[in-house]
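Peer 1: Residue-level listing of the chains:
There are 2 protein chains.
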Amino acid sequence: MQFNKVTEQLIAELKSIVGEANVLQDEEKIEMYSRDEVSDKLWEKMPEVVVKPANAEEISAIVKLANREMVPITPRGGGTGLAAGAVPLIGGMVLSLERMNKILEVDTENLFMVVEPGVTTGDVQKTAKSYGLLYAGDPCSADSSFIGGNVATNAGGNKAVKYGVTSRHIYGLEVVMPSGEVVTFGGKNVKDVTGYDFVHLMVGSEGTLGIVTKIWLKLMPLPKYVADLLVPFADMQSAIKVVPKIMTAGIIPTCLEFMDRLSIKAAEMYLNKKLPYSDAGAYIICEIDGSSETQVQDDYETIGKLCLENGALEVFVADNMSSQERIWKARKCYAEAIRMLSPVYCMEDVVVPVSNIPKALEAIERISQKYNCKIPSCGHAGDGNIHATILREDRNEQEWHDLKDNVLDELYEAVYALGGNLSGEHGIGAKRAEAMDKHMTEAQLNVLRAIKKALDPNGIMNPGKLLKLQ
Amino acid sequence: MQFNKVTEQLIAELKSIVGEANVLQDEEKIEMYSRDEVSDKLWEKMPEVVVKPANAEEISAIVKLANREMVPITPRGGGTGLAAGAVPLIGGMVLSLERMNKILEVDTENLFMVVEPGVTTGDVQKTAKSYGLLYAGDPCSADSSFIGGNVATNAGGNKAVKYGVTSRHIYGLEVVMPSGEVVTFGGKNVKDVTGYDFVHLMVGSEGTLGIVTKIWLKLMPLPKYVADLLVPFADMQSAIKVVPKIMTAGIIPTCLEFMDRLSIKAAEMYLNKKLPYSDAGAYIICEIDGSSETQVQDDYETIGKLCLENGALEVFVADNMSSQERIWKARKCYAEAIRMLSPVYCMEDVVVPVSNIPKALEAIERISQKYNCKIPSCGHAGDGNIHATILREDRNEQEWHDLKDNVLDELYEAVYALGGNLSGEHGIGAKRAEAMDKHMTEAQLNVLRAIKKALDPNGIMNPGKLLKLQ
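So the sequence lines, in the order shown, correspond to chains A and B.
Position one of the first sequence corresponds to residue 1 (our numbering), numbered consecutively onward.
Position one of the second sequence corresponds to residue 1 (our numbering), numbered consecutively onward.
Bear in mind the hints are in silico, worked out from the structure with no lab data behind them.
Watch out, some of these pointers could steer you wrong.
[Said to hold, decoys possible] Restricting the straight-line Cα-Cα distance to at most 25 Å, the calculated cross-link-like pairs of lysine-lysine (DSS-like) are:
id, chain 1, residue 1, chain 2, residue 2
1, A, K162, B, K162
2, A, K453, B, K64
3, A, K64, A, K5
4, A, K218, B, K245
5, B, K241, A, K162
6, B, K370, A, K218
7, A, K245, B, K218
8, A, K245, B, K129
9, A, K374, A, K273
10, B, K241, B, K273
11, B, K468, A, K453
12, B, K453, A, K468
13, B, K241, B, K370
14, A, K126, B, K245
15, A, K305, B, K224
16, B, K102, B, K29
17, B, K359, B, K370
18, A, K162, B, K129
[As the list claims (entries may be wrong)] Chain A regions said to be covered by chain B (calculated; three or more residues, Cβ under 8 Å):
id, region
19, 148 to 158
20, 291 to 299
21, 372 to 386
22, 416 to 430
In this text, a Cβ means the ideal position worked out from N, Cα and C, and glycines have one as well.
Given these sequences and hints, build the entire structure.
Peer 2: Pasting the structure below:
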């Protein structure tokens with residue numbers, strides 16, 4: 001695709017659509033739109049202009065302009081992505097959804113919430129809770145991520161083991177198509193087989209097929225009882241080997257997480273607070289919820305026993321909010337805590353079938369030793385989803401790039417050999433587009449490219465993300 | 001699209017691909033492939049040829065031939081569809097998946113079953129159960145429907161209230177694309193955001209985007225305790241008004257069904273067995289399951305109490321297999337039992353947000369009175385999904401067609417006015433393609449047509465199904 005630069009004429013037209021105050025060009029103001037949470041200059045780029053529309057109509061007008069001018073659009077949510085999906089790497093405009101931050105409706109009869117994309121996931125969760133309901137999407141970045149970004153990346157998170165990833169909770173979307181047409185698919189019907197499932201094609205499409213402007217989220221009754229277990233083990237392999245055992249014990253845990261020694265140390269440094277058994281080789285964190293106290297107790301006792309029989313050093317039970325929060329703070333601060341070990345790092349997000357989690361961690365250990373680099377890991381053990389993070393530490397630019405190239409190559413080879421793939425929830429974005437291209441067959445890529453071309457013939461929607469630029 | 005007739009040359013080539021015995025042309029043998037469960041001559045048509053391939057490679061070769069010859073392909077599962085989706089209405093070949101009926105793997109470590117499309121849903125359920133696991137898809141036609149057909153139509157069924165429709169259980173698909181290319185997306189990873197969610201675009205695409213040849217089904221632990229409630233009410237409106245109350249009581253029932261007076265009577269006639277309170281105005285049938293006996297008891301007591309406070313005549317609890325089977329037999333025989341009232345009928349499948357179920361049933365009652373026709377209804381109340389069936393009785397051909405046209409027009413208008421749509425689980429097929437076309441916006445149709453055209457440029461895959469022929 002041949003794209004054009006943003007012209008003064010286009011800026012004037014954008015201002016007439018969204019108002020002068022919502023078109024940003026000052027370097028100081030647009031700097032924050034030049035990156036996401038990928039901590040690497042390679043994945044940063046200043047936008048030519050940032051535009052902040054207020055509604056679908058304005059977005060429609062902007063998209064039509066972009067088509068006319070052949071200027072690419074990079075849609076942006078909370079900027080918490082880990083794949084450079086919201087960075088305008090080949091120029092053009094960033095379209096920020098931050099002003100579209102209204103909760104439009106909480107429907108307690110049908111258990112739905114209707115929201116704009118710029119509401120934070122945390123606000124969705126809190127609002128649901130205030131009605132005695134649960135929004136079960138729970139990425140670690142919930143406090144700052146936008147629900148629209150969760151939809152765009154099909155965010156996973158902690159509760160996916162029991163409640164599924166974001167797509168599970170999405171029943172309707174209003175979308176501004178790459179043509180500028182506004183369409184709504186789905187809504188409050190919990191079953192719908194009228195036409196192709198466009199809603200779930202949009203979920204996870206990373207802003208490459210259109211811009212989501214309204215979201216119908218399914219809520220559910222808030223579980224009455226919740227208990228968390230923090231289970232330290234002497235070493236990673238004993239900890240992780242208990243995971244497939246828990247998953248086949250006839251119980252569906254809400255969350256089943258793990259942290260390795262380095263992740264625990266990093267969390268301790270970041271939180272500046274002693275963690276229990278913080279010299280342990282690994283933690284398993286497990287949450288159980290349900291509508292019956294007995295059931296929750298029975299389930300966590302079964303799991304606790306299973307852990308102790310399989311080498312756990314101790315089983316801490318947290319059945320009240322404050323002790324639960326303490327446990328989750330350690331787990332959820334991973335992305336920030338890792339910076340205490342190395343300000344620059346490369347956080348990966350590989351996934352394997354649950355039974356292969358021990359082998360995947362063995363492979364990570366092997367690669368770490370081979371290249372003499374630290375790769376702290378933690379993640380969603382119950383989903384087979386591992387956040388392995390390569391640390392730059394004091395390597396120079398060239399050494400860092402060589403290290404990353406080598407480690408990523410071997411890491412991806414290893415997970416594909418185990419029946420896994422390269423991203424469970426962080427997405428492809430720009431960061432992994434090349435790698436995905438390498439690991440998919442030409443036939444698979446043909447399918448994806450055909451869909452992209454059909455819906456975005458000019459290729460203006462977030463080019464180079466999810467699919468490699470042709 | 002301009003299609004061609006099946007030639008002798010094509011027949012010879014088909015025979016060389018699948019073997020002579022698997023290419024059928026005898027009228028007697030192919031007659032059963034001329035219809036599905038829609039009981040109306042209008043939706044029947046003899047195929048020019050029926051071909052029964054044994055694997056993806058044979059299907060790939062057949063699809064390539066069909067493209068070369070511009071002969072349409074109608075893929076077919078168990079033939080239990082209710083939308084004429086598997087009927088070759090504009091000619092060409094029927095491609096039956098009946099020989100691809102192997103369960104390839106039961107993976108008890110990762111809780112997956114890998115199957116070919118021609119396995120019956122009932123065999124999937126039974127096999128899972130024999131390993132102490134649950135396959136939660138449960139359409140009423142499970143005994144004869146193929147799992148591939150469940151995928152093609154995104155079948156709903158009884159347990160969707162708690163466990164979701166078929167799409168929820170599908171994590172991977174091998175597909176022969178309309179080009180003949182064989183692709184696999186997904187598999188045993190429970191999270192996967194590499195590329196667009198092609199798996200769930202295929203689910204519900206009714207054979208118009210390719211032919212599914214292998215399916216990765218997610219299983220879960222078999223709930224230890226199950227109880228069913230059969231709750232008769234004096235009239236339909238009191239029964240149905242309890243449904244939104246149950247759905248917001250903080251409990252997620254596994255199933256929440258209703259049957260109206262005529263459906264109960266029909267079941268009684270069909271089963272030739274007295275049903276309890278069979279002169280009641282309606283039944284509510286509710287299933288609760290879980291891993292704790294106390295929880296299941298607590299939940300059904302809460303629901304039972306709620307029903308009695310809201311006009312239930314009685315609450316029968318079935319907590320053993322044989323009494324549970326009796327209840328479900330009455331509900332599951334609906335499609336067959338209706339024939340006792342009228343051999344020809346038109347079974348609809350509208351869906352509305354759960355809170356609008358009472359209004360939808362009021363509308364059906366009003367339409368029934370206006371046109372002086374019987375419309376027995378039953379269905380998945382907890383999903384807002386109503387199987388309303390227009391009976392032909394002794395009307396002549398013209399009267400019947402006029403009646404159907406009028407009733408369907410008013411029924412669809414009514415459900416759309418209530419935020420509903422025209423099919424919750426039976427699908428569009430050929431039967432509802434015209435109506436869907438009418439009720440969707442041009443912008444929505446453009447999206448669907450673009451996807452179809454991108455993946456099946458020659459339009460050979462099940463033309464005229466899901467989307468109206470252009």
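Peer 1: It remains to establish, for every hint, whether it holds in the given structure.
Peer 2: Hint check results:
Between K162(A) and K162(B), the direct Cα distance comes to roughly 12 Å. Compliance with the 25 Å bound is thereby established for this hinted pair. Between K453(A) and K64(B) the CA atoms are separated by roughly 23 Å; this keeps the pair inside 25 Å, and the hint holds. Restraint check for K64(A) and K5(A): satisfied, since their Cα atoms lie roughly 16 Å apart, inside the 25 Å limit. A C-alpha spacing of about 17 Å is found between K218(A) and K245(B), which places the hinted pair at or below 25 Å, so the restraint holds.
With a CA separation close to 30 Å, the supplied pair K241(B) and K162(A) exceeds the 25 Å bound. Restraint check for K370(B) and K218(A): not satisfied, since their Cα atoms lie roughly 36 Å apart, outside the 25 Å limit. Between K245(A) and K218(B) the alpha-carbon distance is near 17 Å, which keeps this suggested pair within the 25 Å criterion. Among the hinted pairs, K245(A) with K129(B) is consistent with the structure: their alpha-carbon atoms are about 19 Å apart, no more than 25 Å.
For a cut-off of 25 Å, the pair hint linking K374(A) to K273(A) stands: about 23 Å separates their Cα positions. Of the supplied pair hints, the one linking K241(B) and K273(B) is violated, its CA atoms being roughly 28 Å apart against a limit of 25 Å. At most 25 Å may separate the alpha-carbon atoms for a hinted pair to count; K468(B) and K453(A) meet this at roughly 22 Å. Between K453(B) and K468(A), the direct Cα distance comes to roughly 23 Å. Compliance with the 25 Å bound is thereby established for this hinted pair.
A hinted pair counts as satisfied when its Cα atoms are at most 25 Å apart, and K241(B) with K370(B) qualifies at roughly 23 Å. Distance check on the hinted pair: K126(A) and K245(B) sit about 24 Å apart at the alpha-carbon level, within 25 Å; holds. Straight-line distance between C-alpha atoms of K305(A) and K224(B) comes to about 20 Å, which keeps the hinted pair within the 25 Å bound. Restraint check: the Cα-Cα separation between K102(B) and K29(B) comes to about 23 Å, which is no more than 25 Å; the hinted pair holds.
With a C-alpha separation of about 16 Å, the suggested pair K359(B) and K370(B) falls inside the 25 Å cut-off, and the hint holds. Proximity of K162(A) to K129(B) is assessed by CA-CA distance (about 20 Å); at most 25 Å being required, the pair is judged to hold. Beta-carbon proximity to chain B at under 8 Å applies to 3 residues in the region 148 to 158 of chain A; the threshold of 3 is reached and the given coverage holds. For a cut-off of 8 Å, the count of residues in the region 291 to 299 of chain A with a CB near a CB of chain B stands at 6, and the three-residue condition holds.
Note: the region 372 to 386 of chain A has 4 residues with beta-carbon separation from chain B under 8 Å; the three-residue rule is met and the coverage holds. Requiring three or more residues with a Cβ within less than 8 Å of a Cβ of chain B, the coverage given for the region 416 to 430 of chain A holds, as 10 such residues are present.
The structure does not agree with the numbered hints 5, 6 and 10 stated previously, though it agrees with the rest.
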